[in-house]
Amino acid sequence: MPDIYLDNNATTKVDSAVVDVMIPYFTEFFGNPSSIHRFADGVAKAIKKARSQVQELIGAEHDSEIIFTSCGTESDSTAILSAIKAQPNRKEIITTSVEHPAILALCENLEKEGYTIHRMPVDKCGRLNLEAYKNLLSEEVAIVSVMWANNETGTIFPVVEMAEMANAAGVMFHTDAVQAVGKIPMMLQDTKIDMLSISGHKLHAPKGIGVLYLKRGTRFRPLLRGGHQERGRRAGTENTASIVGLGKACELAMEHMEYENVQVKAMRDRLEQGIVAAVPHCFITGDLNNRLPNTTDIAFEYIEGEAILMLLNKAGIAASSGSACTSGSLEPSHVMRAMDIPYTAAHGTIRFSFSRYNTMSEVDEVLKVMPSIVATLRKLSPYWDSINNEPVADPEQAFQPTYA
Amino acid sequence: MWDYSDKVKDHFFNPKNAGAVAGANAIGEVGSISCGDALRLTLKVNDDTEVIEDAGFQTFGCGSAIASSSVLTEIIKGLTLDEALKVTNQDIAAELDGLPPEKMHCSVMGREALQAAVANYRGEEWKDDHEEGALVCKCFAIDAVMIEEMVWANKLRTVEDVTNYTKAGGGCAACHEDIEAILEKVLKERGETFDPNAAPVAKPEPVVAKGPLTNLQRIKKIEEVIMSFRPQLMADGGDVELVEVVDKTAYVNMTGACNGCQMSAMTIAGIQQRLMEVMGEFIKVVPASQMPKLVTIEEASHA
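Chains A and B, in that order, give the protein sequences. Residue numbering for the first sequence follows numbering that gives the first Met the number 0, starting at 0 and increasing by one per position. Residue numbering for the second sequence follows numbering that gives the first Met the number 0, starting at 0 and increasing by one per position.
In case anyone wonders, no lab produced these hints; they're calculated from the structure. Among these hints, one or two may not hold up.
Only pairs whose alpha carbons sit at most 30 angstroms apart, straight line, appear in this in silico DSSO-like list of lysine-lysine [as the list claims (entries may be wrong)]:
#1 B:76 <-> A:378
#2 B:154 <-> B:247
#3 A:313 <-> B:154
#4 A:111 <-> B:154
#5 A:12 <-> B:8
#6 B:85 <-> A:367
#7 B:85 <-> A:313
Okay, chain A solo, but in the shape it has when bound (with noise of 0.2 angstroms):
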């Protein structure tokens, strides 16, 4: 059986469909969409349509409300550092404690410049408190960012509504959508959502494309300068072959959107049900009954979620882990830490992510061999009784190492 690719919250494969549009304008519509002759014929258009392809796939209201960036992170790097120049007396900015590290990061740095970051926490099942943040939003609060899904578990913030609760406060609204854009159907001229990013890898679009959308009427301040392209607010050559591969794909999510949320769904339920079922002592982390279509997220206690890995990744199966050691930190996933997972669990968190490509035989496949590797780890691990097949008595307890 070929590779199994469950991994597509961290990247997807980029459509065949969408690579044949793109080639051409690699090597016959070369030209810079700027020049008047023959070999720009034309690439002015196709980024046009592809505009109009976002456009729709998002529900805006008009084709210049999208901007083509580089990635998501310029997306959002944009956003904030727009909000807070356009209004440099607000020195407040709302975010939650399980965003991105686009968002995070950027906000940390900003904190050392004298802002003041409120991180909104979540429950155990990964939720906000909506009433704290409506006591958060003031005069002096520069811009809302919050992520429309989450990476990790999938789980889906209400972000149509607390963008009207911070359009009657007067305070911009930015969203990170770039798990949810083309999973999940969305209008955004219906909702008070002042920006949003979107990243073309994450919906079968190359690497290195993205797109700001920006509310006509929202003030806006480039963060790149020097040319007249996307109406001077975000300059530099157009990279035509992928903005035009990114409309394809946005016009593929659109004609599969039902698909994905019913076929890719029923893939991901089936998996987590069959895991909770086969594999004793793990769970499905984030808000079950709010999540994205195409993501579980399970922790399988007392083992390590990079050994998981790699036992997948010997069986042919590609997936992704909340733990430390994935990414060479010395902390669990910052959201499962914000959900009060327990270390002993956070650790062993394992995401599988699925998209139109996958199949019910490779979940069957997935489900066949997850409980043996499950099992081998906790063979080696001192939380584990191999006798009885079960934690030692009170693991925490039973064994308290010297912190080395």
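Since the structure of chain A is provided, determine the placement of chain B on it from the hints.
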């Protein structure tokens, strides 16, 4: 994914001595569950000879933690306790054909479990002597706690100081922003402000050679500089010697833990940098393994 050696993978996929040893009389438990790795080492020690007759491990941790534990048990079986205590974390890493810098702490955990087990056997209490911080310098595997301690202890003020005292930042230089942040923090606690342009604190200032030197003087000077690197390399279980100088190239032998170390290229670059500063001329430092083969006059005349 990490670039693990085949030996790491082998010890991970086929761990040796997994599980607790029956009738163990020495137990070492180290690690930190918050960091995601913890190890229990169980030994059966012969009470008369102090020879480790059997060793077993139970590890909560990643691939390299499990591999380090496995290889540790293989190394120490059959050794006396005193012999086993001489095993360094570099020995463990070397036996695995090296570990990525972020993963060196797995080998440290192995050595510490061993120390803890021996202390347990001897009825002593083992105390962890270091705290581990977030990895700052990936080239030389130096963490934040180490840098902070050195900044405090030696009143360091600049990134250059930190590099001189810890090696951190002496490689690719990508961590200089993080080092500056540590300096800012510590200097603030000391009541000073960080000035990126401050003069570095006095470092062992090399006496810059003033030419012209005779060939012999020049080579002696080069050797002197290379010798000055030995203490820090030996502290890491490695060593260096000057083998030959040909024109502007100095050939050196990296031995011990330096040999095959993923960081040896960085070390060589550091030596070269210092040599050029001291000698005031361009000198290339090259591993002796790349030295052109010497030929005798007889061989040359037959060629």
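Status of the hints after comparison with the structure:
1. Of the supplied pair hints, the one linking residue 76 (chain B) and residue 378 (chain A) holds, its CA atoms being roughly 21 angstroms apart against a limit of 30 angstroms.
2. Note on residue 154 (chain B) and residue 247 (chain B): the hinted pairing is violated, with a Cα-Cα distance of about 37 angstroms set against a maximum of 30 angstroms.
3. Pair hint residue 313 (chain A) plus residue 154 (chain B) does not hold up; C-alpha atoms about 49 angstroms apart against a cutoff of 30 angstroms.
4. Only pairs whose Cα atoms come within 30 angstroms are accepted, and residue 111 (chain A) paired with residue 154 (chain B) is accepted, the gap being roughly 23 angstroms.
5. With a C-alpha separation of about 28 angstroms, the suggested pairing of residue 12 (chain A) with residue 8 (chain B) holds against the 30 angstroms cut-off.
6. The suggested pairing of residue 85 (chain B) with residue 367 (chain A) is violated, with an alpha-carbon distance near 45 angstroms, which exceeds 30 angstroms.
7. Between residue 85 (chain B) and residue 313 (chain A), the direct Cα distance comes to roughly 35 angstroms. Violation of the 30 angstroms bound is thereby established for this hinted pair.
Violated hints, in rising order: 2, 3, 6 and 7; the structure is consistent with all others.
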